[in-house]
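Visitor: Each chain, letter by letter, is given below.
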Amino acid sequence: MISWIFFSYIFIYSINKVENSKSDFMLKIFSNVAFCLLLFLLIWQTAALSAWASQEAEDKELVASAQDLELTRDEVREIRSFLEENTPFRTSQEEYIKYALQMKLFAREALQQGLAGEEWSEHEPRNPKELYIFSDVYLEHILEQQKLDEAVIESYYHAFPERFLKDEDDPEVQERLDERGYIPDEWLKPLEEVRSEIRNRVLRSRLQEIREQAFQDLKKKYEARIHE
Amino acid sequence: MKLAYMNNLTFKGLLALALLGMLLSSGCALKDPGTGTDFAKDFEVVLASEEISWPGSDLKKRFEQYWGLRFQGQIEEIRAIEAPYLQEMIPFGQYRNYMRGAGRNTLKKIEVFDIVQRSENFVEISLNLHFEKESGEETTSGRRDRWVRAQDEWFHVIRDPLIFPATS
Chain R
0 MISWIFFSYI
10 FIYSINKVEN
20 SKSDFMLKIF
30 SNVAFCLLLF
40 LLIWQTAALS
50 AWASQEAEDK
60 ELVASAQDLE
70 LTRDEVREIR
80 SFLEENTPFR
90 TSQEEYIKYA
100 LQMKLFAREA
110 LQQGLAGEEW
120 SEHEPRNPKE
130 LYIFSDVYLE
140 HILEQQKLDE
150 AVIESYYHAF
160 PERFLKDEDD
170 PEVQERLDER
180 GYIPDEWLKP
190 LEEVRSEIRN
200 RVLRSRLQEI
210 REQAFQDLKK
220 KYEARIHE
Chain A
0 MKLAYMNNLT
10 FKGLLALALL
20 GMLLSSGCAL
30 KDPGTGTDFA
40 KDFEVVLASE
50 EISWPGSDLK
60 KRFEQYWGLR
70 FQGQIEEIRA
80 IEAPYLQEMI
90 PFGQYRNYMR
100 GAGRNTLKKI
110 EVFDIVQRSE
120 NFVEISLNLH
130 FEKESGEETT
140 SGRRDRWVRA
150 QDEWFHVIRD
160 PLIFPATS
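First to last, the sequence lines map onto chains R and A.
Taking numbering that gives the first Met the number 0, the leading residue of the first sequence gets 0, the next gets one more, and so forth.
Taking numbering that gives the first Met the number 0, the leading residue of the second sequence gets 0, the next gets one more, and so forth.
Calculated directly from the structure, the hints in this document are not laboratory data.
To give a feel for the contact side, a few chain A residues facing chain R, derived at Cβ under 8 Å: (1) Glu87; (2) Met88; (3) Val115; (4) Ser118; (5) Glu119; (6) Asn120; (7) Arg148; (8) Gln150; (9) Phe154; (10) Val156.
For glycine and all other residues, C-beta sits at the position ideal for the given N, C-alpha and C.
Bound-form chain R, shown alone (with noise of 0.2 Å):
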């Protein structure tokens, strides 16, 4: 802006200056330079301003849509630096959009169904952050939702009797262990005690197949869809 209005200036002082002295050969020249370099910010300006336009019409494109619900190509850009300063996810852009659309749906589910507490039911996430809290919620209820069979708690707690020792530090447990020898059940922690652990290590081996389920059926719902 200042560059233009010192140059706007010279230009027209020079202008003047000619007109008053014509024969002042110098001044020509200098209006001349003055004139090329207006010509020039105009040209350059124009050029940055419509690459603004154009960059700020990308922003504003639309990659996805779902009922009351729209992902804009900006949001995914912040949606995919959150993910890339937080995670050691890296991935390509159609999946960084369909990423960015289940953060969304699964947002816009935990605050409809009032899963982050009554009080967040209205609330609008405002960034990346924000969004993947939420998203997160949903996830947590979707596995809390699903059904395990008791033989697949009860089979994993005895499989693996070195990991729900009541006290492992004990030297005779120690030894016990070493030796691969016999436990008792009295040395293990009772299954009531262990049984959401066992379940979260189960169903976080199945985490991706679940996600990916419960972001088909909110896709469904939503009649969400990615734009090509």
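On the provided structure of chain R, position chain A as indicated by the hints.
Guide: Chain A in isolation, oriented as in the chain R frame:
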């Protein structure tokens, strides 16, 4: 008189059929106590010393059934004998890839040289598998087999930290 003779004949016929059926089922196949899957047992299981004993007949049957089916390459059937947590944690496709090659060789003998009861419901069995390759070459492979009891049934346990780190 004729009717009594006929009844006697029918009774004898039925008895003979039942006996034949019993002979066939006991001689040619073992029945799984849990899943009801039949398999042909054409290999022997020997204990390397008299000091070794099975913790129960159920485990022995289940063990024989598992290895019999595995060497026959019956993936779905052996998967049903894997520990329920493994069935839950390992997708079928991954399991099938892991078991690729099962069924190529012919199991001849399983030599059990140690059975360690690690807890009331967990047993480790050290064994040698003697089998014949497709080429006819006879080979022996040693391993430690693990078995867990859940819901009063024995299940096989896979521990492979490289392929299945989450379950090992």
